[in-house]
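First residue of the sequence shown? That's 4 in my numbering, and the numbers climb one at a time after it.
Calculated from the structure, these hints are not laboratory results.
Treat the numbers as computed from the prediction; the structure is a model and nothing was measured.
Just so it is clear, CB atoms sit at the ideal spot from N, CA and C, and this is done for glycine as well.
Heads up, a few of these hints could be off.
Simulated restraints on C-beta separations [to be verified]:
1) Thr8 <-> Arg146: 38 to 46 Å
2) Val110 <-> Val11: 28 to 36 Å
3) Trp25 <-> Thr68: 16 to 24 Å
4) Ser138 <-> Thr8: 34 to 42 Å
5) Arg121 <-> Arg101: 39 to 47 Å
6) Asp9 <-> Gly105: 46 to 54 Å
7) Thr8 <-> Leu142: 41 to 49 Å
8) Gly54 <-> Leu108: 25 to 33 Å
9) Asp33 <-> Ala71: 15 to 23 Å
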Amino acid sequence: MGLPTDLVDRLEIIELTHRYCWALDSKQFDLLDTVFLPDATAELRSAPLEGRDAIRDRIRGALATLDATQHTVSNHLVAVDGDTATARTYLHSQHVRRGTPGGELYVIAGRYEDELVRTPDGWRIRFRRLVTVWSEGNLDVVRLGR
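Please model the entire structure based on the sequences and the hints provided.
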């Protein structure tokens, strides 16, 4: 006897949020193709983004020149309804740019609000919103290099 389907779905969605973090922190931005639908939309502390390519380009542009990042997600709330789902996930992300005048660290804490769809290749994000609850540190860490 296997796990109940709803539990498997929830675990797959949580793993998807982890894969997103690994893609960002390892700078393997092409892995985002396994996270978002091709026509996904997002609000990531920026103007609305239309399409997976725009999302990937925005993330790459924000993180590629940093020395290190660490995105940690927790407190997953997942609601599955057939082949669609919603998820809210806490986020704590640290961004490091060595040698930045005024401090080398910028931290963002908040949550992701996601709408997901089941595809033949697994769950994918259709829409993602980043809601910042607080931030701390030197904003120039993420501003420089853009």
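Verification of the supplied hints:
1. Thr8 <-> Arg146: 38 to 46 Å: 45 Å, holds
2. Val110 <-> Val11: 28 to 36 Å: 34 Å, holds
3. Trp25 <-> Thr68: 16 to 24 Å: Because 19 Å falls inside the window, the suggested range holds.
4. Ser138 <-> Thr8: 34 to 42 Å: 38 Å, holds
5. Arg121 <-> Arg101: 39 to 47 Å: Distance hint for Arg121, Arg101 holds at roughly 42 Å.
6. Asp9 <-> Gly105: 46 to 54 Å: This hint holds: roughly 48 Å between Cβ atoms.
7. Thr8 <-> Leu142: 41 to 49 Å: Check passed, 44 Å falls within 41 to 49 Å.
8. Gly54 <-> Leu108: 25 to 33 Å: 32 Å, holds
9. Asp33 <-> Ala71: 15 to 23 Å: Given about 20 Å between the Cβ atoms, the range holds.
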